[in-house]
Each structure stands twice: as C-alpha cells, then as structure tokens.
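A.B. asks: Work out the full structure, taking the sequences as your base and the hints as a guide.
In terms of UniProt numbering, the sequence shown opens at residue 1 and continues consecutively.
Hints may contain errors.
As the list claims (entries may be wrong) - Below, computed lysine-lysine pairings styled on DSS-like, alpha-carbon distance capped at 27 Å:
{"id": "1", "residue 1": "Lys243", "residue 2": "Lys146"}
{"id": "2", "residue 1": "Lys216", "residue 2": "Lys255"}
{"id": "3", "residue 1": "Lys9", "residue 2": "Lys89"}
{"id": "4", "residue 1": "Lys89", "residue 2": "Lys146"}
{"id": "5", "residue 1": "Lys243", "residue 2": "Lys9"}
{"id": "6", "residue 1": "Lys9", "residue 2": "Lys216"}
{"id": "7", "residue 1": "Lys89", "residue 2": "Lys187"}
{"id": "8", "residue 1": "Lys243", "residue 2": "Lys255"}
Just so you know, the hints here were simulated from the structure itself, not pulled from any lab data.
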Amino acid sequence: MEQLWLIIKYLFLGIFQGFTEPIPISSSGHLVIAQELLGIRLEGLTFEVLVNFGSLVAVLIIYREDLIRLIQNGFGYLFNRSQRDQQQKDDFDFIIYLIIGTIPAGVLGVLLGDAIEVLSTVQTVGITLIITGIALWLIRNLRGRKGDGQLTWKDALIVGIGQAVALIPGISRSGATIVAAMFLGMKQETALRFSFLLFIPVSLGTMLLSIEDVIKHASAENAWFAYIMAFAGSVVASYFSLKWFMGIMARGNLKYFAFYCFIVGGLVVLFL
1 MEQLWLIIKY
11 LFLGIFQGFT
21 EPIPISSSGH
31 LVIAQELLGI
41 RLEGLTFEVL
51 VNFGSLVAVL
61 IIYREDLIRL
71 IQNGFGYLFN
81 RSQRDQQQKD
91 DFDFIIYLII
101 GTIPAGVLGV
111 LLGDAIEVLS
121 TVQTVGITLI
131 ITGIALWLIR
141 NLRGRKGDGQ
151 LTWKDALIVG
161 IGQAVALIPG
171 ISRSGATIVA
181 AMFLGMKQET
191 ALRFSFLLFI
201 PVSLGTMLLS
211 IEDVIKHASA
221 ENAWFAYIMA
231 FAGSVVASYF
241 SLKWFMGIMA
251 RGNLKYFAFY
261 CFIVGGLVVL
271 FL
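C.D. replies: In structure tokens form, the structure reads like this:
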C-alpha cells in the first residue's frame with residue numbers, strides 16, 4: 001500500500017510539474033506549494049530535475065522541425081561556404097545566440113545551487129509569483145517586430161539573464177524569458193521559440209550533472225517505477241500544456257496568467 005501511494009504521489013507531482021512548466025506561472029514554485037498542501041517532502045532537487053527532463057522531451061518533440069532545420073543550416077553554414085544563403089546565416093546566428101543565452105543560468109546555477117534550494121519556501125514563492133504577475137501584466141499588450149533573423153547577441157544575453165533570475169522558485173522560467181524577449185521587441189512567435197529552445201541546453205546540462213543523484217535517490221527509496229511514472233506524466237502534461245500555451249500566445253492573452261499569479265501569490269502569502 002505504501003508503494004502504491006508513493007507511485008500515485010510521484011505521478012501526480014510529475015503531471016503537476018509538467019503542466020505548469022511551459023506556462024508562465026513557475027513550475028518550481030507550484031511544486032513547493034503542492035508539497036506544502038499535501039504534506040509531502042522531496043529532499044533536494046533531484047525530483048525536480050527528473051520531471052524537468054520530462055518537460056525537455058516534450059519541447060524536443062514539439063520543436064523538432066526547428067531543431068532539425070537549425071542543425072542542418074548551422075552545419076551547412078560552417079562547412080558549405082560556396083552555397084551559403086541568408087537562411088543558413090540566420091539559423092547559425094540563432095544557434096550562437098542560444099549559446100550566449102544559456103551562459104547566465106549555467107554560471108549562476110553552478111555557483112548558487114545551494115542558495116537556490118534554501119529559497120524554496122512557500123513565502124518566497126508567494127512573493128515571487130506576485131512579481132511574475134506584475135512582469136506579465138506589463139507586457140500584456142506588447143507586439144514586437146523582431147523576427148529570428150533580427151536578433152542580436154545583446155538580446156540573447158538579456159533573455160539569458162531573465163532565465164537565470166528564474167532559478168529563484170516562483171519566478172517563471174518561461175515567463176521571465178518571454179517577458180524579457182517581448183520587452184526587447186521580439187514577435188510573440190520568436191519570443192516563444194527562443195524561450196523554449198533556450199530551455200533545452202539548461203535542462204539537458206542540469207540532468208547530466210544530476211543523473212548520478214537521481215539514480216541514487218531512486219535506488220535509496222526503492223522508487224524506480226514511481227520515478228518512471230513521474231517522468232512519463234511530465235512528458236505528456238508538458239506536451240499538451242505547451243501546445244495550449246502556444247495558442248494563448250498567438251491570441252495575446254497573457255493577462256490571464258498575470259491574474260492567476262496575483263491570486264495564487266496573494267493566497268500563499270496570506271494563508272501558507
């Protein structure tokens with residue numbers, strides 16, 4: 001019975017995190033809230049790393065055509081000098097910008113990993129959710145003009161800093177990067193694409209650095225099946241959540257996420 005409860009608990013948390021990861025309401029913050037409400041304690045960040053990797057798989061599936069094009073054109077630009085075209089140059093530059101945008105979160109994640117874990121409290125999450133709501137409210141009506149081929153290294157660095165700030169629980173990663181991108185004048189489609197392609201190297205790098213700890217925790221808790229179910233739940237929930245969010249972005253309805261963050265953040269501050 002105890003093992004069944006463990007599986008149900010992890011599956012629920014995997015689905016919960018997977019659904020909240022792509023949308024701008026902070027999956028890490030909601031994981032902290034869920035643990036508080038359900039009386040569950042997940043030690044360390046290994047479970048979050050695992051389910052974030054599930055979200056990564058969903059992102060790879062949805063953006064597979066963009067990734068294939070970027071890889072093909074990136075290599076084509078490097079090794080096919082006689083047949084270079086503008087699309088190859090734009091895609092090669094886009095890859096470079098993704099690398100630049102990854103640096104801030106990578107550096108801060110390594111340097112401040114323990115401090116970030118200390119900040120994983122419900123009160124911190126309540127306050128940072130309200131901050132996320134304010135940022136979303138400020139960009140609710142912005143309509144940028146910058147497309148993929150008009151980005152600069154400064155744009156990439158600023159969006160990357162937004163991703164680094166989102167290491168704080170309650171600050172949404174997708175929200176912070178999309179807010180930064182839209183403040184810089186990016187089109188909604190470009191902001192969304194850059195945000196989620198930027199998620200790939202950070203999530204992959206975190207999983208590679210933490211895979212030993214994930215294996216140890218799963219073995220110590222005798223929870224291999226529970227971890228697999230959580231991972232699967234995260235993949236499926238992230239896929240449908242991201243598809244849904246892409247439609248919302250196209251219609252420019254980010255204000256509803258701002259309202260949500262204000263309400264949940266306020267309730268957490270007042271009652272938890």
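A.B. asks: Does each hint fit the structure? Answer for all of them.
C.D. replies: Comparing the hints with the structure gives:
1. Straight-line distance between C-alpha atoms of Lys243 and Lys146 comes to about 23 Å, which keeps the hinted pair within the 27 Å bound.
2. For the suggested pair Lys216 and Lys255, the alpha carbons sit about 42 Å apart, so the restraint of at most 27 Å is broken.
3. For the hint linking Lys9 to Lys89, the alpha-carbon distance of about 47 Å lies beyond 27 Å, and the restraint is violated.
4. Proposed proximity of Lys89 and Lys146 is supported: the alpha carbons are some 16 Å apart, at most 27 Å.
5. Straight-line distance between C-alpha atoms of Lys243 and Lys9 comes to about 25 Å, which keeps the hinted pair within the 27 Å bound.
6. Of the pairs offered as hints, the one joining Lys9 and Lys216 holds, with about 19 Å between alpha carbons and a cut-off of 27 Å not exceeded.
7. Our distance criterion of 27 Å between C-alpha atoms is met by Lys89 and Lys187, whose separation comes to about 20 Å.
8. Note on Lys243 and Lys255: the hinted pairing holds, with a Cα-Cα distance of about 18 Å set against a maximum of 27 Å.
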